[in-house]
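Undergrad: Protein chains in written order, with the working numbering: chain L, 26 to 237; chain C, 14 to 479.
There could be a bad hint or two in this list.
[Claimed, not checked] Covered stretches of chain L, going by a simulated chain C footprint (3 or more residues, C-beta under 8 Å): (1) 70-77; (2) 102-110; (3) 194-200; (4) 214-220.
I should point out that these hints are in silico values taken from the structure, not numbers from a laboratory. All C-beta atoms in this analysis are idealised placements derived from N, C-alpha and C, irrespective of residue type, glycine included.
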Amino acid sequence: MERLSRPQALAFAAAAAATCALTAATASWAYHTRFVANNCNTNPPQFTSYFTRDGSITVALYAQREGYQWAGGCWNDNDVDDSPGDPTSDPNTGGEGPDCSGFAFKVWRESLNESDAGAYQWNKLRNVHGPYTAARFKTGDGAPNVTYGKTGLIRMDALASSTHIGLIYTANADGTDQIVEAKGEAYGTGVWTRAYRGESSYGGVRRLGWDA
Amino acid sequence: MRRVTSRTIMCGAAGVLAGLVTAVGVVALTQVAAAHGVTSADRDPAGLIEAAHLPPLLTVKGEPAVLRYDIYCAPPGGDPESGAPCDAGGTVYVRAGDSGPFRAVPLLLDTTASEGRYRADIPADIAGSHDGFSYYAVLRSNTSGAVSVVPAGGAAAPQRSRPLGEPALVQLGDHAFGAPARAAARVASAAWGSGDADVGLEPGPGLQPIGGSSFDVGETGTVSLLDEANHRVLRFSPGASKPVPVRVDVRGTMADLAVGSGGEMTILETVGDDGTTPLVRRFDAAGRLLGSLHLAERSASALELGPAGPVALEYPAAQWMPVAETAAGNASAGQRARGRAGRTLANGDELVVQRAGNEARIAQVGPRGVKRSWRIQSSTPLGEIQLANALGDKVVVVLRVYTDARDEFLVLLLGEKGLVTRFAIDSAGWAETAPLARFRLRGTALYALGSTPAGVFVDRYDMEVG
Numbered sequence: 026m027e028r029l030s031r032p033q034a035l036a037f038a039a040a041a042a043a044t045c046a047l048t049a050a051t052a053s054w055a056y057h058t059r060f061v062a063n064n065c066n067t068n069p070p071q072f073t074s075y076f077t078r079d080g081s082i083t084v085a086l087y088a089q090r091e092g093y094q095w096a097g098g099c100w101n102d103n104d105v106d107d108s109p110g111d112p113t114s115d116p117n118t119g120g121e122g123p124d125c126s127g128f129a130f131k132v133w134r135e136s137l138n139e140s141d142a143g144a145y146q147w148n149k150l151r152n153v154h155g156p157y158t159a160a161r162f163k164t165g166d167g168a169p170n171v172t173y174g175k176t177g178l179i180r181m182d183a184l185a186s187s188t189h190i191g192l193i194y195t196a197n198a199d200g201t202d203q204i205v206e207a208k209g210e211a212y213g214t215g216v217w218t219r220a221y222r223g224e225s226s227y228g229g230v231r232r233l234g235w236d237a
Numbered sequence: 014m015r016r017v018t019s020r021t022i023m024c025g026a027a028g029v030l031a032g033l034v035t036a037v038g039v040v041a042l043t044q045v046a047a048a049h050g051v052t053s054a055d056r057d058p059a060g061l062i063e064a065a066h067l068p069p070l071l072t073v074k075g076e077p078a079v080l081r082y083d084i085y086c087a088p089p090g091g092d093p094e095s096g097a098p099c100d101a102g103g104t105v106y107v108r109a110g111d112s113g114p115f116r117a118v119p120l121l122l123d124t125t126a127s128e129g130r131y132r133a134d135i136p137a138d139i140a141g142s143h144d145g146f147s148y149y150a151v152l153r154s155n156t157s158g159a160v161s162v163v164p165a166g167g168a169a170a171p172q173r174s175r176p177l178g179e180p181a182l183v184q185l186g187d188h189a190f191g192a193p194a195r196a197a198a199r200v201a202s203a204a205w206g207s208g209d210a211d212v213g214l215e216p217g218p219g220l221q222p223i224g225g226s227s228f229d230v231g232e233t234g235t236v237s238l239l240d241e242a243n244h245r246v247l248r249f250s251p252g253a254s255k256p257v258p259v260r261v262d263v264r265g266t267m268a269d270l271a272v273g274s275g276g277e278m279t280i281l282e283t284v285g286d287d288g289t290t291p292l293v294r295r296f297d298a299a300g301r302l303l304g305s306l307h308l309a310e311r312s313a314s315a316l317e318l319g320p321a322g323p324v325a326l327e328y329p330a331a332q333w334m335p336v337a338e339t340a341a342g343n344a345s346a347g348q349r350a351r352g353r354a355g356r357t358l359a360n361g362d363e364l365v366v367q368r369a370g371n372e373a374r375i376a377q378v379g380p381r382g383v384k385r386s387w388r389i390q391s392s393t394p395l396g397e398i399q400l401a402n403a404l405g406d407k408v409v410v411v412l413r414v415y416t417d418a419r420d421e422f423l424v425l426l427l428g429e430k431g432l433v434t435r436f437a438i439d440s441a442g443w444a445e446t447a448p449l450a451r452f453r454l455r456g457t458a459l460y461a462l463g464s465t466p467a468g469v470f471v472d473r474y475d476m477e478v479g
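Kindly produce the complete structure, drawing on both the sequences and the hints.
TA: Dropping the structure here:
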């Protein structure tokens, strides 16, 4: 077999590498857009007559270390972001995780019907975002939600700005709060210390109807 | 220039074909995996056990001697997302002062409480101890048997509650918003962007602006501004026309920064990689990585350079823990075993802070207990205590005052008998920073990190301590 000259071998290798890289990039996008398609469902929620702050925090904690997806609302519980590095400007990549308002909606067990203040269990793998943005939560939109003075907020109340909402997990001794939130693509979902309570861009929001 | 022959072109085409074959194989394997929803297995939901607790670090006479916890674990019944509370319990181990045997106090469910639903009543003889008490809790899921210890150091590093003793009282009254002090100088500023002298904003359409998330100031007045979005630190030397960028290998997410006397940088990443705890990275002055260390706890809110090295305020322990005391670092057990409620001052004393409603409590604690303390009471709600640090024989405290519509920072200089002086600073918090990274005290100068839609800046305020 005749050997290729050096330029020919280089051309072969370069073309192969470039093609492989381009196609692999396509594969990466395809992977990122398939988490919801392959793992999530559209099952109806289950009405629950009894719901507690304890129980909702537990639901929130199961989302720790999972991903973040703009406009998303589906995650598993393997402590891994299964769709890392999704482009932050595309809400349709179908990646794992909620966004901040989708997380609040689901943990707060709200209804897609904004006039319904009842409590509904959405399983973690149910892909749902709900009708509210952070800005709408901030203004207390929807029957279950009211604005609330920030000094009186307790666990599972929320602090919301026009672009973000986080749920209070507990207060810290130095006056900050630990917030459970879906923070962003590079952060995922978790519990972090924040100073939202004192910041004027944030307002207090309470979900009504807790049994305990 | 070499001549391109038809044979070279054919080789290129063959290369494309080979690349396609290889890549299609990769794609096929990836998509087969994705089509079957292959992800790593869910963790066992029954293993969840977490606890929230607000430690009464500083107490005053007459307050109830009760410790309260919330416990989160898988509820009974097999559906971890049912929304029902978990069936939990536990024991608090408490003792007077810092030594002697711990006494076991059972945690009882208080169904009337909306938070802090598990309570332990401290025995009167311990609660009334002149030196306060130390304690830790062992919390348990009665459904799964999962156990959590808070703080995680347990008996080796229990939480510490101290009586304020005879504090100096500071009455702030109603805060008058809109009259902030003027800075003595703007010592650093940068526009948002990615140019050599800019500071970047983290990407994300739904994300509140985040950028320039921390800073520090050296003894000569050099300001180091963490530009995490551009993976660098901007170093502003006094009198220089523009900053010097120093690249550092960081994640690009919110972080805290502390700079040593030789320019070495310690960076606390508040986000860990998948499934891991936050990371502390140490760099030399040129940005070369010297080492890294995972924190023992789930999260951390602040980083400081203590007399013995960097310390981080870690949660859920709610303790300052050493994070790099030796060249080999300080593994989780070592961090947890040396957790403390307050920051260690240069003279070895501890400075402990607590906000309780509209009151801030500050105590300087020596080997024999509280040396001096302050109760700062405000008619305007108090937010976080951003800074508390010794300045000569005085203490500087920066805390936030807020209403539902406004906020400012309030700087207090405290002396033995109470308030020496005070002034307000505009909150200037357009972009989010690390939660406790807005102020640094160097010598008699207080430096404040702020931002607007145009960019980020550091202002200097000179404290009048005479």
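Undergrad: Each hint needs a verdict: does it hold in this structure or not?
TA: Now for the hints, and whether the structure bears them out:
1. 70-77: Since 4 is at least three, the answer is holds.
2. 102-110: holds (count 7)
3. 194-200: With 7 residues close enough to chain C, the hint holds.
4. 214-220: holds (count 6)
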